[in-house]
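Here the protein sequences line up with chains A and B, keeping their order. Reading the first sequence from the start, the letters are residues 35 to 425 in my numbering. Reading the second sequence from the start, the letters are residues -18 to 95 in my numbering.
Looking from chain B toward chain A, a few residues come up when the C-beta cut is under 10 Å (computed):
# : residue
1 : 1
2 : 3
3 : 5
4 : 19
5 : 23
6 : 40
Selected chain A positions facing chain B (Cβ under 10 Å, derived; list incomplete):
#  : residue
7  : 66
8  : 85
9  : 88
10 : 104
Listed next, the stretches of chain A that the computed footprint assigns to chain B, with coverage defined by at least 3 CB atoms under 8 Å from CB atoms of chain B:
#  : stretch
11 : 53 to 65
12 : 69 to 83
Rather than coming from a laboratory, the hints here were simulated on the basis of the structure. Glycine included, each C-beta is placed from N, C-alpha and C at the ideal position.
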Amino acid sequence: MTGDMARPGDGPLERRYRRLVRVYPRGPRREELLITLLDCAPPDRRRPTARETANVLRHGLRGRLGRPRSRAVVVLATLAALVAGCFGAAAMSVLGWQFAPSLTGVVQAQGIDRTVFPGMTVEGCESGSELTYSEHCADMPPFIPNPDHEGTRYGFLEYRVAPTPATLDHLTFTSGVRDRLVADGWRIGSGIRVHQGLDDLDTSVLDGTSAPFPGDEVETAVREATFWATRDGLVLEFFDATGTDTPGGVADPSVTARFTVARAAPWWLWGMTAAGALLGALTGWLVAGWISRRTEGDGVASFAAAIPAWLCAPLLTLGVLPLNQQVGRPWEEGLFVGLYAKLAPWPDLGFDTVNPVAAMAICAISPALLVAAAVRRSPDGEGLRGDHLPG
Amino acid sequence: MREPTFWILTVLASAPHHGYGLIREAARLSDDRVRLQAGTLYAALDRLGAEGLVELDREEIVDGRARRYYRLTDRGAAALDAEAARLRANAEAARVQLAARKGFGPATATMASA
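Work the whole structure out from these sequences, hints included.
Laid out in structure tokens, this is it:
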């Protein structure tokens, strides 16, 4: 007897209760709970109340874990849900980014280059400029390595002009660019920040992918003003630098005004990512519950299944959270870059083919899955939820 | 001991009950102050079963549906007895403290102890 399927004579309330109790693991408890819910319901009730639904969901999900006295299993299942949720979000977001609008031709079609640098000769991928980071226009991927090969950022196109007296007055010129962009419908994301005396070749600082280490900056004559803005699914970053990398050195043509354009996450990508997170979290919880119930009552199997998971848990929990710092750029980029980093290789740290976080997750879950699959299962683990009455 | 646990053990102290009977009896004994939710009830029964305080008594088929009755074990009775003693001691401490307070004074204390 499973009691899982709706029966022809069931009323609407019983059908709804029957669907609700499926949150519990298969077994006689579902039918028992169904009968109790029906007995408690007043005659005019047509659907479960919100309180009943929340109560059954809460205890049913807990019931999926078995081991009613254990708090450790709840902690482990929560961590499993967190880890699987992050991987689910990462998988769906990386899939979604493949369908994000292309950057190709956007800057010239929208006249962004003419707004930022009016009347100036702008070099970009369309002109094949070797001075810009994005030398080729077509097929800019959603994520690319940082110019200094440390970490990852959104794929972007870069445009620049040769230094002029106007651009060398970096604060005035940057303020003008900001005002023109606002007039053209851009929303400014940050106030104008000024980097003073940092080595502009340290792109992890100037491109905003990390914070400068106090006392570790290379003092130069470079002064750079920067801000970012968004419009219609695009993120624009503007930089205007003056000076040279070497105090007293000759003028450096690479120290000038430039801007980059990257994609912002479309609204539907947020939905896909949230759905992936929920689906992953639910899967993680259910798999943890399945392993727990399979090994319940078998001390050796429980130990063998739980120990690798506990050993990996602290580092894995820290490693799986998408907490990438993106100084000076929208926080959303840190989130999506962080999710991408849960699946992509880390060549800058020597992981050319395997993602270390994903590898650690596999190491944590594989022994438990193997043990759970191999163990001979006792009927539901304990007497009250089992099929057997005491003799 | 949490409130639902206390009332489940209290209801089962006199006789075995099935789930709905437990909920109804807990409400009656508590003057409707306790309305156990079905999910909470069975989670508590699972935990109490794992602790050896309650156990399955029998299963009856009524109108084609299986009703499972639960009973208190000797360990469960001892745990309930200890909890009742603890609550009595708590109540007595509160009563003595209130007796020393103006307005709740000796008359109340005298009546209670009479």
